[in-house]
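Generate the whole structure from the sequences, applying the supplied hints.
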Amino acid sequence: MIKFSDKQLKIPKMSKPVYLATVGMSKFDRAFPETRTEELCIQALTAAADFVNMTPAELKSFIHTAYYGHFADHFGDQLLGEAVIHDRLGLDPLGTIGVKTGGATGGSTMWEAIKTVASGYSDCALALGWERMDEVPTDEGNHLISAAADKDWETPLGHIYTGYYAVMAQRYWQIFGKAEDSFRKTMAEIAVKNRGYARMNPYAHGPMKITVEDVINSTVIAYPLRALDCCLMSVGSACGVVCDEKTAYEITDNPLRIWIGAGSHTLRVADRRNMKIPLLPNEKPGQYDNLGKRFPGADRYPGFSSFLAARVAAYYAYNMTGVVDPIDDLDVVELHDAFTISDIQTYEDIGITPYGDGRNYIESGDAYHTNPITKKPGKLPSNLCGGLIGCMHAVGATGLMQIAEIGYHIWNRWDEIHEPEEKWKEFGREKPKDWTSLQVKGAKRGLAISHAGVGSHVTCTILMHPNHLIKEE
Amino acid sequence: MPKTEEEKGFVSIINGRYKPKGKFHIIEANQPIFNEDTGKLAGVTNPRDMTYIHSYGGEAVFFESLSKGKLMATRCDNDKCKFKGSIYLPFRIYCPDCLQKMTAIDFTEKAKKSAKIYSFIITHRSGAFNTLKLPIKFINIEFDDVVTILMSYLSVGDPEIEKRVVPIFKTKNPTYSIMDLSFVPEGTSESELPEGFTF
Numbered sequence: 062m063i064k065f066s067d068k069q070l071k072i073p074k075m076s077k078p079v080y081l082a083t084v085g086m087s088k089f090d091r092a093f094p095e096t097r098t099e100e101l102c103i104q105a106l107t108a109a110a111d112f113v114n115m116t117p118a119e120l121k122s123f124i125h126t127a128y129y130g131h132f133a134d135h136f137g138d139q140l141l142g143e144a145v146i147h148d149r150l151g152l153d154p155l156g157t158i159g160v161k162t163g164g165a166t167g168g169s170t171m172w173e174a175i176k177t178v179a180s181g182y183s184d185c186a187l188a189l190g191w192e193r194m195d196e197v198p199t200d201e202g203n204h205l206i207s208a209a210a211d212k213d214w215e216t217p218l219g220h221i222y223t224g225y226y227a228v229m230a231q232r233y234w235q236i237f238g239k240a241e242d243s244f245r246k247t248m249a250e251i252a253v254k255n256r257g258y259a260r261m262n263p264y265a266h267g268p269m270k271i272t273v274e275d276v277i278n279s280t281v282i283a284y285p286l287r288a289l290d291c292c293l294m295s296v297g298s299a300c301g302v303v304c305d306e307k308t309a310y311e312i313t314d315n316p317l318r319i320w321i322g323a324g325s326h327t328l329r330v331a332d333r334r335n336m337k338i339p340l341l342p343n344e345k346p347g348q349y350d351n352l353g354k355r356f357p358g359a360d361r362y363p364g365f366s367s368f369l370a371a372r373v374a375a376y377y378a379y380n381m382t383g384v385v386d387p388i389d390d391l392d393v394v395e396l397h398d399a400f401t402i403s404d405i406q407t408y409e410d411i412g413i414t415p416y417g418d419g420r421n422y423i424e425s426g427d428a429y430h431t432n433p434i435t436k437k438p439g440k441l442p443s444n445l446c447g448g449l450i451g452c453m454h455a456v457g458a459t460g461l462m463q464i465a466e467i468g469y470h471i472w473n474r475w476d477e478i479h480e481p482e483e484k485w486k487e488f489g490r491e492k493p494k495d496w497t498s499l500q501v502k503g504a505k506r507g508l509a510i511s512h513a514g515v516g517s518h519v520t521c522t523i524l525m526h527p528n529h530l531i532k533e534e
Numbered sequence: 040m041p042k043t044e045e046e047k048g049f050v051s052i053i054n055g056r057y058k059p060k061g062k063f064h065i066i067e068a069n070q071p072i073f074n075e076d077t078g079k080l081a082g083v084t085n086p087r088d089m090t091y092i093h094s095y096g097g098e099a100v101f102f103e104s105l106s107k108g109k110l111m112a113t114r115c116d117n118d119k120c121k122f123k124g125s126i127y128l129p130f131r132i133y134c135p136d137c138l139q140k141m142t143a144i145d146f147t148e149k150a151k152k153s154a155k156i157y158s159f160i161i162t163h164r165s166g167a168f169n170t171l172k173l174p175i176k177f178i179n180i181e182f183d184d185v186v187t188i189l190m191s192y193l194s195v196g197d198p199e200i201e202k203r204v205v206p207i208f209k210t211k212n213p214t215y216s217i218m219d220l221s222f223v224p225e226g227t228s229e230s231e232l233p234e235g236f237t238f
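Respectively, the protein sequence lines represent chains A and B.
Position one of the first sequence corresponds to residue 62 (the working numbering), numbered consecutively onward.
Position one of the second sequence corresponds to residue 40 (the working numbering), numbered consecutively onward.
Among the clues, some could well be false.
Lysine-lysine pairs mimicking DSS-like chemistry, simulated, CA-CA at most 25 Å apart [said to hold, decoys possible]:
1. A:Lys68 <-> B:Lys123
2. B:Lys58 <-> A:Lys337
3. B:Lys47 <-> B:Lys60
FYI, nobody ran anything at the bench for these hints, they're computed from the structure.
Please read all numbers here as calculations on a predicted model, not as lab measurements.
Quick look at the structure:
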């Protein structure tokens, strides 16, 4: 049993409000054999400048510090790749640093940028991320990813990350899903939803119009996970620019407030020790006392079925912002759907549903843009860009893409980014005839979860329109 | 092509320093990458054949013990630690709470009597450099009195949550890596064990 001290549970405080002024993304794809990484990063930063009607040079003139998220140096055979990109973006001699926290790299990069503005060190900071996973043969890529597990205790076992990750899915599937066909169907619905939403996104490279049966009949990767339950492996770049209030309003007349919380847990899943469930604002003491009775085998927390890092990141972020119940207080979320089952686990970790009830969020229809049961808008639509399953997972860029997508909804500019015919043509993609706007009408607050593999690092970013804050400041 | 015995790289420690001997990489020229549709140059390959050296440090006793048929764990014996008595497997050198060096203990017999599967996954895929036979049956094992869970692989039979298993060790031609430890269902006979493994 481990316990946290009051000092460790202190709610993070920023010395000044931080604003998200603009965001940008490159096209995402499985491979870019004829494009250098710097070209993708320049595409993302140029898009961020376009978004606030500036030239890249004008936007760059505000930036004081740059944080770069790039997880896997060894994929690109380039150490200090951050310095290469910083130079190519023409941002020397500004202070810069690289950030690496596995799948959470994008979120962690934003975490650093926000803190540098909140501290007063910089008035404006760039958070830009990318990943290049197409430049090694797949089996060598699998080995390189497995090197993100413990090199002595896990990596030699098969050199395949799925083996270290999917044991968590198995445990959740058997204990909370009770290995039921109905739960398997719920998992599949997430894949159908996210790949379907990706069809409306010109940046996405995994759009598919599929059925639950297609998912259930797809190739087994590591039972119960099948090919269509799994996220994409991608290349691309995304960025965000954060500022203090004065600078934000110099860049745009409509910046958003931004906060972020971060959590961590053991890299080696095996090392998770038993503990009491830390409670979120919408949970009550004693509420989980009978969890082990309802779900035999669920008495070990976090065990392999929950992500403590996600819970802690949400605990900090909700308490910083005044979010009590995410369904009531937020309008749209982007979650780290690396696998359908980990998406369900995250619903519980961040309090969208209580532990044990994750499937209810999908089954209620509230995770959809339009609730398929009530035909009304979903109460809290998730992953409308397609998520990691349908849009992309270019590791260092993913968390930043999610923040950008939430921003587009709150700015009410989602259509402008995803609809134009020219953009579909520029990316060489065919716009579907049934293209539909997924703009969440009236969205004022949103959340993005950036998550590393087995849950070693997680960030929880919250965006709000400045006129719709929950907590008085 | 595999390296010959003379070409393999070996490392020993002499006077407190690593002494590499043999070939650690074979140099291979890069190759151009052309787009076959346009005939234009797009890039080059960069072949690399490298050997990493890394130290087990205070965990060396764990890996050496596997080759002798022993499963070592560690226990915090610090009177001042709130979590005194916690047993760790995977073997940790220092207590994660008080950061004092822990005591290495022989956990083999206890493991034989209490190991059971906490979770598992069967995968037909592996990454480059894998030497385990496919499909790999990954298992996570819970032991009585241990505060953590161990990852390993099942060498005989099918995994199932709560199934009782016992450790086996590669005592003949050990690799001195975590692959020298595997598990089999309780009741498995010696003749069913993979080559080189003993109870």
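Inset, instruction - Please flag the earlier hints that this structure goes against, numbers listed from lowest up. - result: Result: hint 2 breaks, nothing else.
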